[in-house]
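Q: Build the full structure now, drawing on both the sequences and the hints.
The lines below spell out each chain.
2 protein chains.
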Amino acid sequence: MVTVATEADGIQIQDITARAGVFSQEEIECVGELWEEYRDLGAEQCGYHFIVDRDGSQVLGFACYGRRDLTDGVFDLFWIAVDPSARRGGVGRGLLTASEDAVRKMGGRMLIAETSGTAHYEFTRKFYLNMGYAAEASIKDFYSMGDDLAIFVKRL
Amino acid sequence: MVTVATEADGIQIQDITARAGVFSQEEIECVGELWEEYRDLGAEQCGYHFIVDRDGSQVLGFACYGRRDLTDGVFDLFWIAVDPSARRGGVGRGLLTASEDAVRKMGGRMLIAETSGTAHYEFTRKFYLNMGYAAEASIKDFYSMGDDLAIFVKRL
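Going line by line, the protein sequences match chains Z and D. Here the working numbering runs 129 ahead of the position in the first sequence, where the first position is 1. Here the working numbering runs 129 ahead of the position in the second sequence, where the first position is 1.
Please note that the accuracy of each hint is not assured.
Since the list gives no way to pick out one identical chain from another, each pair is judged satisfied if it fits inside one copy or across any two copies.
[Said to hold, decoys possible] Here are the computed lysine-lysine pairs in the DSSO-like style, where the Cα-Cα straight-line distance is at most 30 Å: (1) 234 to 255; (2) 269 to 234; (3) 269 to 255; (4) 269 to 283; (5) 234 to 283.
What the hints contain is simulated information worked out from the structure, not anything from laboratory work.
A: And the structure:
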């Protein structure tokens with residue numbers, strides 16, 4: 130069941146991020162920092178919304194989204210990750226759909242997902258395309274030389 | 130002379146932002162928030178670097194740039210503004226060149242300037258093109274309906 134993340138989910142969220150197999154150490158730490166702001170300040174105050182797909186007490190995956198400053202109704206999907214043992218079961222699809230629904234409820238009209246252009250992220254890019262996102266823009270050599278930024282956009 | 134901004138420049142920076150004629154109230158407040166972080170914490174701690182072009186005690190313009198998280202050597206030009214009375218004198222050009230030099234010194238290899246695609250910002254877009262930036266990507270209806278995001282990139 131997809132629901133708003135609570136304090137007890139923090140350890141599993143960080144564990145899933147570390148085990149997802151696609152994030153660098155710096156990215157794993159960034160998720161941790163955003164989580165701590167969310168846990169300590171709340172989503173309204175810090176701007177980061179965390180949701181989880183939970184089966185009993187087990188977190189299967191999570192997503193984190195928030196409003197883009199200086200825009201009228203644009204939100205960023207900062208993070209989405211599924212436990213490797215729970216893949217191919219629609220967890221990612223459910224989390225992304227729930228993020229879109231929540232963004233719509235907050236008056237959002239666009240959700241942006243940024244990811245890497247490397248082969249390592251091919252599954253992720255296909256996932257966004259399958260979910261109705263357009264590969265709207267890219268910046269060559271953004272993350273590092275040879276690692277482009279790919280910007281996926283869905284109008285809600 | 131272009132130099133690192135000091136506490137005394139704050140009032141003039143905010144005044145120039147307000148009088149520049151292109152920024153919304155929300156954007157003016159955003160500059161103020163970044164400035165306060167810079168003043169109170171310093172550039173290294175908060176990640177926002179402010180420079181000014183100062184003629185005696187008068188600030189002619191300012192720029193604000195900083196490192197983009199999770200990238201290897203990408204920096205954002207967050208703000209650049211010139212006092213309306215000091216335009217067409219090369220102040221903007223000097224501030225942008227100084228920003229690029231500073232970014233290079235910090236190991237940066239790319240500077241990104243995001244701006245609006247509306248007619249109101251045509252001068253700004255031409256300025257970036259003249260300064261050697263490429264109009265690398267855009268997102269339709271980003272800031273608001275009819276107001277696209279234009280992403281300008283310079284490899285340093």
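Q: Each hint: holds or not?
A: Now for the hints, and whether the structure bears them out:
no.	hint	in the structure
1	234 to 255	within (26 Å within a copy, 38 Å between copies)
2	269 to 234	between (34 Å within a copy, 22 Å between copies)
3	269 to 255	both (19 Å within a copy, 22 Å between copies)
4	269 to 283	both (21 Å within a copy, 11 Å between copies)
5	234 to 283	within (15 Å within a copy, 38 Å between copies)
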